[in-house]
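J.: According to the working numbering, the stretch in the sequence shown is residues 1 to 240, in order.
Under the rule of at most 27 Å between Cα atoms (straight-line distance), these lysine-lysine pairs were calculated in the DSS-like manner:
#1 LYS103 - LYS62
#2 LYS103 - LYS85
#3 LYS205 - LYS14
#4 LYS205 - LYS8
#5 LYS233 - LYS14
#6 LYS62 - LYS205
#7 LYS103 - LYS137
Calculated from the structure, these hints are not laboratory results.
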Amino acid sequence: MLREIADKNAKRLKENAYPGRGIVIGKTPDGSKLVQIYWIMGRSANSRNRIFVRENDFVRTKAFDESKITDPSLIIYYPLKVFDKYHIISNGDQTDTVFDTLKAGGTFEEALMTREFEPDAPNFTPRITGIIELNGKNDYSLSIIKTQNNNPEICIRNFYHYEKSIPGLGHCIHTYAMDGEVLPSFEGEPYLMPIYDSIDENVEKYWNMLNQENIISLLVKTIEISTGDVEIKIKNRHTS
Numbered sequence: 001m002l003r004e005i006a007d008k009n010a011k012r013l014k015e016n017a018y019p020g021r022g023i024v025i026g027k028t029p030d031g032s033k034l035v036q037i038y039w040i041m042g043r044s045a046n047s048r049n050r051i052f053v054r055e056n057d058f059v060r061t062k063a064f065d066e067s068k069i070t071d072p073s074l075i076i077y078y079p080l081k082v083f084d085k086y087h088i089i090s091n092g093d094q095t096d097t098v099f100d101t102l103k104a105g106g107t108f109e110e111a112l113m114t115r116e117f118e119p120d121a122p123n124f125t126p127r128i129t130g131i132i133e134l135n136g137k138n139d140y141s142l143s144i145i146k147t148q149n150n151n152p153e154i155c156i157r158n159f160y161h162y163e164k165s166i167p168g169l170g171h172c173i174h175t176y177a178m179d180g181e182v183l184p185s186f187e188g189e190p191y192l193m194p195i196y197d198s199i200d201e202n203v204e205k206y207w208n209m210l211n212q213e214n215i216i217s218l219l220v221k222t223i224e225i226s227t228g229d230v231e232i233k234i235k236n237r238h239t240s
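Let the hints inform the model, and build the full structure from the sequences given.
T.: Shown next, in the form of C-alpha cells:
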C-alpha cells in the first residue's frame with residue numbers, strides 16, 4: 001500500500017512543472033543503504049546557468065558560464081556536506097550553518113532556528129534541509145523554513161523526524177507547491193516517494209521524473225549503513 005502511495009506521488013511530481021528545488025531521503029529496497037537525492041530547477045537564465053561539482057565528500061553549485069552570472073548570492077552554495085556521522089543536504093547556505101553548528105557541538109534544530117526563508121521577494125523561497133545521522137536516534141530528518149502564504153512577517157520552521165526508514169521508500173520535500181507568477185511555498189508534510197535499487201537507477205528515474213524544460217542538475221548520494229561507505233553521482237544539464 002505504501003509503495004502504491006509513493007508511485008502515485010511520483011506521478012504527481014512528474015506532472016508538476018515547477019516544484020523548484022527538492023530533497024528526497026530514504027532507504028534502498030534491500031535495506032542496506034540510506035539515500036539522499038537533491039535537484040535544482042530554473043526558470044531564469046541566471047538560475048539555469050548552474051552545474052553541480054564534487055569537492056571530495058562535498059558538492060557545490062557552480063556557474064556553468066561565469067561570464068553570464070548576474071547574482072550569485074542565492075544560487076552558489078554547498079548543497080551537500082558531511083561531518084563525522086552527519087550527512088547534510090540543503091537548498092542553500094544553511095548547509096554551512098548546520099555543518100558549523102554540529103562541529104561546535106550543537107544540533108540540527110539549533111542551527112536552523114537561526115535561519116529564515118530566502119529574501120527573494122515576492123517568492124520568499126523556503127529553505128529546505130535534510131540530515132542523516134548514521135546510527136542515530138532518527139534515521140533521518142527534514143526541515144522547511146517558510147513564510148505564511150508569502151507574508152515575510154511570519155516565519156514558520158517545521159521539523160520532521162523519521163525514526164525508522166522504510167526499505168524502498170523515502171520522503172520528499174520541495175520549495176514550491178507549483179508554478180506561478182508568484183511561486184507558492186510547499187504545503188503539508190513531506191510525502192512518500194519511491195527509492196530504487198542502484199544509485200544509477202535513482203539518478204535516471206528522478207531526472208526523468210522532473211520537468212525536462214526546468215531541471216538543471218541532480219545528485220544522488222548513498223551511504224552504506226554497515227560501513228559508512230559513500231557513493232555520489234551527479235547529472236547536469238550543462239556539460240563541458
